[in-house]
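Asks: Protein chains in written order, with numbering that gives the first Met the number 0: chain A, 0 to 335; chain B, 0 to 335; chain C, 0 to 335; chain D, 0 to 335; chain E, 0 to 335; chain F, 0 to 335.
Think of the hints as simulated: they come from the structure by calculation, not from any bench. Predicted model, so just to flag it, every value in this text is computed and none were measured. Careful, some of the hints might be misleading.
Derived PhoX-like pairs (lysine-lysine); straight-line CA-CA distance at most 25 Å [said to hold, decoys possible]:
#1 F:K306 to A:K18
#2 E:K18 to E:K207
#3 A:K321 to E:K110
#4 D:K321 to F:K110
#5 F:K18 to E:K306
#6 D:K321 to C:K110
#7 B:K321 to D:K110
#8 F:K207 to F:K168
#9 D:K229 to F:K321
#10 D:K110 to B:K110
#11 B:K321 to A:K110
#12 F:K229 to D:K321
#13 F:K110 to A:K110
#14 F:K110 to F:K321
#15 C:K321 to B:K110
#16 E:K110 to F:K110
#17 D:K306 to C:K18
#18 B:K321 to F:K321
Protein chains: 6
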Amino acid sequence: MQSLKLTPSPVTPTIDLDKTGVQHGFLRLPYSRDDSAWGSVMIPIAVIRNGTGPTALLTGGNHGDEYEGPIALFDLARSLNVHQVSGTVIIVPAMNYPAFCAGTRTSPIDKGNMNRSYPGRPDGTITQKIADYFTRELLPRADVVLDFHSGGKTLDFVPFAAAHILSDKEQEARGFEAVKAFSAPWSMRMLEIDAVGMYDTTVEEMGKVFVTTELGGGGTARAETVTIAKRGATNLLRHAGILAGKIEHRETRWLDMPSGDCFSFAEDDGLIETMIDLGEPVSAGRVIARIHSIGRTDAAPAEIRAKLTGLLAARHFPGLVKSGDCVAVVGTIQSA
Amino acid sequence: MQSLKLTPSPVTPTIDLDKTGVQHGFLRLPYSRDDSAWGSVMIPIAVIRNGTGPTALLTGGNHGDEYEGPIALFDLARSLNVHQVSGTVIIVPAMNYPAFCAGTRTSPIDKGNMNRSYPGRPDGTITQKIADYFTRELLPRADVVLDFHSGGKTLDFVPFAAAHILSDKEQEARGFEAVKAFSAPWSMRMLEIDAVGMYDTTVEEMGKVFVTTELGGGGTARAETVTIAKRGATNLLRHAGILAGKIEHRETRWLDMPSGDCFSFAEDDGLIETMIDLGEPVSAGRVIARIHSIGRTDAAPAEIRAKLTGLLAARHFPGLVKSGDCVAVVGTIQSA
Amino acid sequence: MQSLKLTPSPVTPTIDLDKTGVQHGFLRLPYSRDDSAWGSVMIPIAVIRNGTGPTALLTGGNHGDEYEGPIALFDLARSLNVHQVSGTVIIVPAMNYPAFCAGTRTSPIDKGNMNRSYPGRPDGTITQKIADYFTRELLPRADVVLDFHSGGKTLDFVPFAAAHILSDKEQEARGFEAVKAFSAPWSMRMLEIDAVGMYDTTVEEMGKVFVTTELGGGGTARAETVTIAKRGATNLLRHAGILAGKIEHRETRWLDMPSGDCFSFAEDDGLIETMIDLGEPVSAGRVIARIHSIGRTDAAPAEIRAKLTGLLAARHFPGLVKSGDCVAVVGTIQSA
Amino acid sequence: MQSLKLTPSPVTPTIDLDKTGVQHGFLRLPYSRDDSAWGSVMIPIAVIRNGTGPTALLTGGNHGDEYEGPIALFDLARSLNVHQVSGTVIIVPAMNYPAFCAGTRTSPIDKGNMNRSYPGRPDGTITQKIADYFTRELLPRADVVLDFHSGGKTLDFVPFAAAHILSDKEQEARGFEAVKAFSAPWSMRMLEIDAVGMYDTTVEEMGKVFVTTELGGGGTARAETVTIAKRGATNLLRHAGILAGKIEHRETRWLDMPSGDCFSFAEDDGLIETMIDLGEPVSAGRVIARIHSIGRTDAAPAEIRAKLTGLLAARHFPGLVKSGDCVAVVGTIQSA
Amino acid sequence: MQSLKLTPSPVTPTIDLDKTGVQHGFLRLPYSRDDSAWGSVMIPIAVIRNGTGPTALLTGGNHGDEYEGPIALFDLARSLNVHQVSGTVIIVPAMNYPAFCAGTRTSPIDKGNMNRSYPGRPDGTITQKIADYFTRELLPRADVVLDFHSGGKTLDFVPFAAAHILSDKEQEARGFEAVKAFSAPWSMRMLEIDAVGMYDTTVEEMGKVFVTTELGGGGTARAETVTIAKRGATNLLRHAGILAGKIEHRETRWLDMPSGDCFSFAEDDGLIETMIDLGEPVSAGRVIARIHSIGRTDAAPAEIRAKLTGLLAARHFPGLVKSGDCVAVVGTIQSA
Amino acid sequence: MQSLKLTPSPVTPTIDLDKTGVQHGFLRLPYSRDDSAWGSVMIPIAVIRNGTGPTALLTGGNHGDEYEGPIALFDLARSLNVHQVSGTVIIVPAMNYPAFCAGTRTSPIDKGNMNRSYPGRPDGTITQKIADYFTRELLPRADVVLDFHSGGKTLDFVPFAAAHILSDKEQEARGFEAVKAFSAPWSMRMLEIDAVGMYDTTVEEMGKVFVTTELGGGGTARAETVTIAKRGATNLLRHAGILAGKIEHRETRWLDMPSGDCFSFAEDDGLIETMIDLGEPVSAGRVIARIHSIGRTDAAPAEIRAKLTGLLAARHFPGLVKSGDCVAVVGTIQSA
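Whenever a hint applies, use it, and build me the whole structure from the sequences.
Replies: See the structure below:
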């Protein structure tokens, strides 16, 4: 593993990442393929640097079908003025760029789930090569890291920002402070159980302040959720001292997912009828979804009942569901 | 053309459509193909008949990725008791059944857009054969026809029921009465300009009362919109005298789409940012959507401005947009 | 329609179809496409002509996944000596050649089911253009026509030869004589109900003697069924007086499919268990197949019962079955 | 047929085609599909109009993988100054726009070969709808029509401009004059035998002057052939009196394809070795191509011999060839 | 490698595998993908436990297109009564469940050949994760293991049960005793040469009694071969003392595949004519198959000759064959 | 890693590689898949051996869409007479045979880029297994190795032969001598910077004389470039002393690619217009290519300028280009 680290990344940035001023360019990653022998993946990147302040790394498109982050970040990258900035803002609006262009969660090239491909490999798949470049080149430059997520085409969430429960309580506290500054309608303290290959963990193990989000879903973005994303990014840069101005605070409610009982899975294929809408209260034992058989008009639907009392925090989005899909997530309200 | 009408339909129902009682079965349509030489399309159908009252034909899944109708109708078909009914209810929850099973707007077999395949042909494509069976076998039995639509995977609508402006003013009035009985949050008087191949027109030309809907979209169904669909179907059956009981009225607002200026189309590919949400007011000239280039971080977005004052009645749903896509529909408020 | 008949066929044979001797060549049909702007479909054809005797047209590959016919005919075409022949033998071992090369029932180019594409069109799809060439160029030359079929990849049959019940009883009698000469283990008198677009009907309407077969299935050919095909073709040419030598008679049993009750269709998807094998006796009411749900281990299988007493003449071949598939055909024994 | 002509075209131009000045816009053709319920095909168009002179209609991308025309026309459309023009220049750089975007000969939507889809239908496929719009809206405006072709991905040609031999000898003479003005290295007098569905014939039957080209191939464009295309378009506009300035004449040689013997077709699949290069002399009987079997190293290649003496005017481009592909075209030199 | 073993399996059973009684449920394996961000593979499993007797693990669908095993096991799982059992029966009717649902040999997700994916990896592909769960969770519970195979869609076998020749002669003897108890028409002593990644080897290295089968093929199941599978499974459970009752013995013949000379491979593409049927005798040097060229009617077929004297034990199933396919396997008769 | 080397290759040659005389056969590599459970990849190979002279290994089809090498080598393999040879010639005309059959750069089976898959793995992907066989079985037999390349479907080159700059100057000199003997129009001394996984490096590290080429491109072969390939192979065998006769010398010019500034990459999608043709002179700063937007007729093209003075040595071939594609390579002229 150690020797891998010595292999240089195949990525070449078309801009000087450490130069003062505003730069727009690409991370160019060679990708030889049937329809372009000497082709490349070109990942848009912007760097706005002014003086010696802290560095924020802002990313969207970790999953390619989640849109609030990319909209907020393409907008921010284009409109940030170098004189507004004290320090450095690195913006990659679409981290898994091949997935983003295809409008899919994973990469159409290698089916790579970017968020499970960390720390990456310089001689791996395209997705792993991008991860490796972040791990070895971009993350070491950063002090604060914001990674935007939403539910994508197949899930929908109440909009929240989140940070992880960490063993380093001082680092943890800085994360929750940053979440509070982000000011999403909901906030979450997440306990990561299965952290294998996650970007989050890679960032946190480097000691950075890390904020992530879930801001809606369904493979679309609403004006309301885009506003949350834009305000959150600006608030976070202000919180970090990179942008001047006062944080625009909004009321937030703290949410928890205490155990595996939050999650309900389908055991049948069919047409899903979610019985309540996102954010509505749920009591344990209540039918939260039904799955109608589509093969006949006289089959009784399968019923899925809540195992906890709380509110509907996330749900399966498409009208059809397959056995094994997560159909609903019940969150519990944290005492602030 | 006349001779075509004499060709028998290849569809065989597995139930007797005219028998009293509750029957659940299939419309079996032979479909010979590589993976089944003697295969068939099996379209679920339920008929609930009691006495000599009027006949209602209720359909969903005219487009295969619209879910409020199928959920309401699979549920209704299974739960309707023959003793509740005076007359006949024919329910086909998924008219374009191959499309519905695939979760796509059009048929995966022949790319047929069911709603543009009427009156159909007995020797045509699979989609045309289904249309022909409705035209020649099911519609002649009906007095009242309800066809559920939603926006599907690529559009989202404020929820409304609608009937058409017709030259036969008595028929038109009966249609609007039925819409009022449906009691969706929004109601619309539609002037159909391009009626080529439509189910609606086929039904109306037979002199039937016809109600259609748009009840959301995005390829999902929310509890709220499913409730509208269920209440609307029951209300309509009560209005027709087939179900006993009082119509459950809800306040509705009447909406209009007066001209082609309602519609805005993209002239660029990119990442779409809709600037306001469905149902919100719009004034003419306002930027209602922006299209961000995804190829670079420094390109200014294209702006799309409203041509009318009203409210946002529908919008493009997916996060990515292509040149030529309808990005927004502005509706105007009708004076009641 | 009449004017269409005047449009010349786009097919060009690379050999002179009316020349004496043995000729091997192609029917070349231009087919412009993305991967060959000036490409063609090249259908192998052999013509063996000697003197002024009758003409037989022998075809296989009408459906592209049926193999006894093509094996027997490629073999016969290569090995027939001109001196053996009195008259003309035209052999097209693979009529729907694109389907045959792909190993599929229908054409991969246009999904055309050749056996339902007659009489064809010179300006239609590739499949219709081939049909038109047979209708206008090859069939008029023929006195006797043999078209080989088997069950293909999705059906399996007890091996039989067949001719149709016709209104012209003299023509009908000549057909049954030819079937008897073919000497398959089973023989059938078929009553065609749905003859739309069939090759059979096109041939018979020209007054030709027509024999067809079903010689097994599953997308394979066994040595035993290939032997039946080879013997049958030679017997038929002897019967027609084109080949010298005595017909090699074999015992045959006459089979009937008297009504739609012969056919059983699945109403569920699943794993099919056919309870008896081809050729075994069936009594009405007996479970002939069960469909096991593959989604759970505790679901009772759907049972399919015979509606007639007879024997299992054909069955669904693949292990998985879809709702609407024909799962079994019960034939009845004819009194000779 | 007559009644079809009364059906309005579904195409809406986003610009006023008859306004004076320079206009850039789209022909918007609604195209409802699974990934965009209310989507459209947007075909770029430019109109440059000044005064009452003649009208030229210039098109490329009739086949989507032919590039000299689109390069010359995108360039011309952008750079033409209204003051240079006397009359009107209508430019559609990519007629079969869906094919052009996909880089394929035919449309990825409906496999339509645009050049065989005329006169089109307003209620047909997307390709037929585009053809219909040209037939009914654009062509009636034109006096001179230039349609650029090249060999596409699967053929390669010596570069030539061409006009057809016509029964109206005065119209024919105007065509050849226009070809001469175009000044390609080679020029051709074409006798169209199979004119079914061609754009060429549709244009000529309206009495217009029509010039077409073949300017290379292989799915690429060389600087040399692009120069021929640009010069030819400008020369033609000068010849028509729409652009001022002197025609830039170049020497041209007149070429002929006198009969079907010009064309050689493969009767085997394999690896093709063309024995001479484009433009080189050929004598009848010479091996012009060999097809090597790729299945074994010891199989002798099939040899294809020229049937005429002349020069190699066109050839199969890809390294692999299929039975039925046109492998070579021998042209003969016309006496001027 | 050792450390991998400590990574927990991502599979969660929905039932308690060690509880007494009859349980039907799933092995749930998370599988995040474009069409379900939080989806899972749900592998049906049944456990019937009563008392402290031995444990049998019965599996089918190791390859997804082999059907005798799954039919016998879905049937057995549903119908086994807890009171019949002394010990434990674990039934997984479709081990490579994604392949089984797709009707393919390998997994449609990762192209994994389950039978070559052992011992598996908890962090590998979906197929490897399933293998790992069997290796670490299910196999350690088992005393006797039966894994059903057939020829699948592309091979056909005479029906046999088999065990391996092992270095541990006592274990080997127990295997052959179990094969004898199974009582298939044919039995085989197999010498595994290439055991890389095999389930068989993984099971045997744990010291378990292991029986496998080949019970037909072609991607179908006949009533006769299903009967063999059902009787074999019941016999084996009786032999193991888990089910009461007497073993239903049938005559079996012992077959051998002594060397690589048993196998014949195609060196050409084409139409295959197998000259004898399964189970028929073969003498060395005899033509057992011919491959007809499908490109021409005059090409002599390639002949494939037997290298050994014995009987035809297996053959290529589809009508078309490709160079490199195994076309025939000659088995030799063992002296009992 | 060491232990892997002990795993035997799964490849079986059908001929004895070390036998005297001419042998034509296959490298058979088992490849179990859905459409052939016991299928294989069959790679054609010829060995011509006479006496004890040196051994040359000649290969084409390392990338499957490059044709000069395969044409020259299928031709040479078939026509080489054993009496002409002193030593051994091993010819594999299509190393990545699955890619060659598909006409694609990489393998359709595993997307393997053969030239980046060395030294390979006996238990890896199909592409890696082929590489492993070359590394462990064929290369150890060779003294001189010639591997033919061309530009493939997406690049085009001026025709050259090349050898690498090596640390072993004696080996390097032997390479350049061999290049000179090859006598292509251009010759190159290549400095490999990124040698990860290359065949070239694997060969050179074994101390062999290695020559490679780029002989055109576009996925075709011209008579002229095939002649270069044939002459080069013969010349090299003469140079090695394996064939008798005098080397047929041709003038060659030495070319260099001194730095990354040789390469220009697209930063936009669009229609590419290369402003000069292959082999033409370029001066630094000149526009060598323009990329036209295909979305509108009024967008200015992006310009790509040369960074060095030299000549156009290679270019992007297809008419459409994607951001990240290499559009042009400028080579510099070496002082001889």
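Asks: Look at each hint and say if it fits the structure.
Replies: Hint-by-hint comparison with the structure:
Annotation: proposed proximity of K306 (chain F) to K18 (chain A) holds, straight-line Cα distance about 22 Å (limit 25 Å). A distance of roughly 22 Å separates the Cα atoms of K18 (chain E) and K207 (chain E); the hinted pair therefore holds under the 25 Å criterion. Only pairs whose Cα atoms come within 25 Å are accepted, and K321 (chain A) paired with K110 (chain E) is accepted, the gap being roughly 21 Å. Restraint check for K321 (chain D) and K110 (chain F): satisfied, since their Cα atoms lie roughly 24 Å apart, inside the 25 Å limit.
Distance restraint check for K18 (chain F) and K306 (chain E): the Cα-Cα separation of roughly 22 Å lies within the 25 Å cut-off, and the hinted pair is therefore satisfied. A threshold of 25 Å between alpha carbons decides the hint, and for K321 (chain D) with K110 (chain C) the separation of about 21 Å falls inside it, so the pair holds. Under the criterion of a C-alpha separation no larger than 25 Å, the hint pairing K321 (chain B) with K110 (chain D) is consistent with the structure, at around 21 Å. Annotation: proposed proximity of K207 (chain F) to K168 (chain F) holds, straight-line Cα distance about 13 Å (limit 25 Å).
For the hint pairing K229 (chain D) with K321 (chain F), the CA-to-CA distance comes to about 24 Å; that is within 25 Å, so the pair holds. For the given pair, K110 (chain D) sits about 13 Å from K110 (chain B) by alpha-carbon distance, which is consistent with the 25 Å threshold. Under the criterion of a C-alpha separation no larger than 25 Å, the hint pairing K321 (chain B) with K110 (chain A) is consistent with the structure, at around 24 Å. For the hint linking K229 (chain F) to K321 (chain D), the alpha-carbon distance of about 24 Å falls within 25 Å, and the restraint holds.
With a C-alpha separation of about 13 Å, the suggested pair K110 (chain F) and K110 (chain A) falls inside the 25 Å cut-off, and the hint holds. Between K110 (chain F) and K321 (chain F) the alpha-carbon distance is near 20 Å, which keeps this suggested pair within the 25 Å criterion. For a cut-off of 25 Å, the pair hint linking K321 (chain C) to K110 (chain B) stands: about 21 Å separates their Cα positions. Note on K110 (chain E) and K110 (chain F): the hinted pairing holds, with a Cα-Cα distance of about 13 Å set against a maximum of 25 Å.
Taken as a hint, the K306 (chain D) and K18 (chain C) pair is honoured in the structure, with Cα atoms around 22 Å apart against an allowance of 25 Å. The hinted pair formed by K321 (chain B) and K321 (chain F) meets the criterion: a straight-line CA distance of about 17 Å does not exceed 25 Å.
This entry satisfies every hint, going by the numbered hints stated previously.
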